[in-house]
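S.K.: Whenever a hint applies, use it, and build me the whole structure from the sequences.
In this note's numbering, the protein residues as written are 6 to 179.
If you're looking for bench data, these hints aren't it; they were derived computationally from the structure.
Among the clues, some could well be false.
[To be verified] Under the rule of at most 20 Å between Cα atoms (straight-line distance), these lysine to any residue pairs were calculated in the SDA-like manner:
1) K141 to R33
2) K51 to D125
3) K141 to A105
4) K51 to L149
5) K51 to R40
6) K51 to A115
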Amino acid sequence: PRDPRPTRIVSVSSWPAWPAETATAGIRLGWCRTRLARNGALAGHKHLNRLEQVLARAEWDDGTMDEGLMQDDAGHVIAATQANLFARIDGTWITPRLDACGVAGVMRRAFSQWSGDQGDEVVERTLEVTDVASAKSLVLTNALIGAWPVATLDGRKLAVDPAAVAFNAWLVRQ
Numbered sequence: 006p007r008d009p010r011p012t013r014i015v016s017v018s019s020w021p022a023w024p025a026e027t028a029t030a031g032i033r034l035g036w037c038r039t040r041l042a043r044n045g046a047l048a049g050h051k052h053l054n055r056l057e058q059v060l061a062r063a064e065w066d067d068g069t070m071d072e073g074l075m076q077d078d079a080g081h082v083i084a085a086t087q088a089n090l091f092a093r094i095d096g097t098w099i100t101p102r103l104d105a106c107g108v109a110g111v112m113r114r115a116f117s118q119w120s121g122d123q124g125d126e127v128v129e130r131t132l133e134v135t136d137v138a139s140a141k142s143l144v145l146t147n148a149l150i151g152a153w154p155v156a157t158l159d160g161r162k163l164a165v166d167p168a169a170v171a172f173n174a175w176l177v178r179q
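M.R.: Here it is as structure tokens:
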């Protein structure tokens, strides 16, 4: 409108409490059935429509997994329900392209920059399920958790990459 009357809503809550070992021993990751719709106009942006992630998160409550990976409607791996994904493939960190959907989170950018500063380049490209399933290690990032290494993917043990722990230590010093 010509003369907008913005509304401000302020919410205060406790910082989420996760077990300390999630940042060092890793989490249990699985696959979600719910897919992310591709929309280039929204790709990379954080917006309030998170219904797909909410539906995906509602798929499990049996204690078998801590977080779920999501694909877009073409089957490309995009992210976890609440975090960006990094996969160690052939010694290189790969993170999904987010030109069709997904959120380019601040910790995604921070982890990519930090990794590059460590001489460990991050490559952004399309990730298939087979790429992720064959990865040596996986790390999830978001602004609330920093970085979580992944201990298992669908029950398959993964190497807990020390980069997640080192990145979290770096974050604390910032």
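S.K.: Between K141 and A105, is the straight-line Cα distance small enough, at 20 Å or below?
M.R.: This hinted pair is violated, its Cα atoms lying about 26 Å apart.
S.K.: Is the straight-line distance between the alpha-carbon of K51 and that of L149 20 Å or less?
M.R.: Holds: K51 and L149 sit about 15 Å apart, inside 20 Å.
S.K.: Given the hint that K51 pairs with A115, test it: the Cα-Cα distance must not exceed 20 Å.
M.R.: Roughly 16 Å between the alpha carbons, so the hint for K51 and A115 holds.
S.K.: Run the distance test for K51 versus R40: straight-line Cα separation, threshold 20 Å.
M.R.: With a Cα-Cα distance of about 17 Å, the restraint between K51 and R40 holds, given a limit of 20 Å.
S.K.: Given the proposed pairing of K51 with D125, does the C-alpha separation stay at or below 20 Å?
M.R.: Not OK: K51 and D125 at ~27 Å, beyond 20 Å, violated.
S.K.: Holds or violated: K141 with R33, Cα cutoff 20 Å?
M.R.: holds (15 Å)
Checked against the numbered hints given earlier, this structure breaks hints 2, 3; the rest are met.
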